[in-house]
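Asker: Single-letter residue listing:
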Amino acid sequence: MKRILLAGEGGQGVQSIAEILARAANEQGKETTYIPNFGVEQRGGVSLAYLQIDEKPIGYPKFAEADIIIAMCNRAIEAIKKFVQDETLFIYDSSFIADDKIKTLHGLVKKYLNIPAKQIAQKELSIKVANILFLGVLAHELGNLTSEQIKIAMNNQFKSHPEFKEMNEKAFDIGLNYAKERPNQEFIGSQPTEIQKLFEDETKAWERFPEYCKGCGLCLISCPQKAITFSDELNFLGTNLPKVDLNKCIACGNCQKICPDGAIKVTKKQ
Amino acid sequence: MNNLPKSWKKESLPHKFCPGCGQALALKILGYAIDELGIQDKAVYGTDIGCSLLSWNMFDVDTIQTHHGRATPTMVGLKHAKKEAIAIAFMGDGGGYAIGAQHLINTCLRDDKITVILINNANYAMTGGQTAPTTLIGQKSTTAPKGRKIEVFGRPIHGPEMLKTIAADGAYIARTVSNDFETTLTYIKKALQNQIDGRGFSFVEVLSMCPVNWKKNAQESIEFLEEMKKVYPLGEIKTPEGEK
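Residue numbers (this note's numbering), protein chains in the order written: chain A, 1 to 270; chain B, 1 to 244.
Just so you know, these hints were derived from the structure itself, not from any lab. Keep in mind the model is a prediction, meaning the values are calculated, not measured.
Below, a list of computed lysine-lysine pairs in the DSS-like style, where the Cα atoms sit at most 25 Å apart:
#1 B:Lys-230 to B:Lys-216
#2 B:Lys-216 to A:Lys-159
#3 A:Lys-243 to B:Lys-10
#4 B:Lys-189 to A:Lys-265
#5 B:Lys-215 to A:Lys-159
#6 B:Lys-10 to A:Lys-265
#7 A:Lys-268 to B:Lys-6
#8 B:Lys-216 to A:Lys-243
#9 B:Lys-9 to A:Lys-101
#10 A:Lys-165 to A:Lys-180
Footprint (simulated), chain A over chain B, 3 or more residues, beta carbon under 8 Å:
#11 4-18
#12 214-221
One side only, chain A facing chain B, incomplete, derived with CB under 8 Å:
#13 Glu-41
#14 Gln-42
#15 Tyr-212
#16 Gly-215
#17 Cys-216
#18 Leu-218
#19 Lys-257
#20 Ile-258
#21 Pro-260
#22 Asp-261
C-beta atoms are modelled at their ideal positions from N, C-alpha and C, and glycine is treated no differently.
Bound conformation, chain A alone (with noise of 0.2 Å):
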């Protein structure tokens, strides 16, 4: 009996790889359930998948303790903290995720795995994909279930981009071989990248807070002097923030007012 808890960001792929997995559980003659959880917005939002795989018939499809949590954002802690049990492995991004938020878990959580993975997926492939590397350390968690049932669950749920087929592959692979190396008894972790909030100069400074920002690009759009362009630096929702060029910057305050989060701040100095 396995129990997994997803969670992570509405549009990070939580609920596809719930969905891949249950599939390649299924076929492989599994018992499994899997039943997805999110708020009502369309984007955004903590999104959380329950998955059970067992040799048995299931009752219900939603437990109280998890024998494994992914989590992939900031925002999902809250959410997961009480499915932690004595045995839950606990694996988290620790490209998004703290250390000392993992800290104030420390009674809770006794078995940790974190991968930077969306380090690793922006560095090496694309962005995108990041979901799938969480899939290939749970295929080599789990165990029980072959790689190539998975990728070719896989490769269905995504059959209408074949463009990303080895991609994800590779992803797969990369994840697998990650979880391979690193034991997950022990607590490594690793720090998120700072990320650089205010650009300043003489005459004025440009704010911009990664945890409001959504990264829709109306900021590029407005700007006159087309100062602002997006940087490989992460928002919150995992997608770019802006960044300004201050040479081009004039100050005018055109981004501040359209953006819809209130995630930049404009300031001229006397």
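Since the structure of chain A is provided, determine the placement of chain B on it from the hints.
Answerer: Below, chain B without anything else, positioned relative to chain A:
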């Protein structure tokens, strides 16, 4: 100016709207309007069902969430019970022009002294982009995959123009667009001031982008707003008598 309105509730940030949502932008401007008029203590915010309900914890003011355009009559009731309150009903085109249209029309007829802010994003956004009364002719939606046809769905509704024909002398009716910060702020402040002065019903329709359901990026959704402006002309449709 701060990046967030003072009247927004910081604890509930980031808010629940999609990336690039025009409704969130309109709510940000409403927040600044509440700040500038200094009515945070007196304002009561009524929100409707649909995407507008995602703002249930957005403001640090008394808030009530209702269904199907009934933010309007709920706010009317509140205003009758508590004259000093500033009643703000906020809804989408589905709540205001379709399922709850009778509430809006009768409130305007009775000239109840409340402020209604209505978001027009040319579709039913929360349910996944179906044809709404405001969908443009030829615009594709999930219930009109080949584009809206007049024979099937009729013509797009022009709410402010319709309300103007039945509005009393003191009513204020305007239409604006969410990416025009200054004008929208001016109109919303005027609408709230109309209520504060006790002149009459006030109504602001805000054209707004919905990049997720329109399946457009930021640039394309601003371009589509330009298309919408051709169908829905902007401006102050009716100003109270005696005011220029």
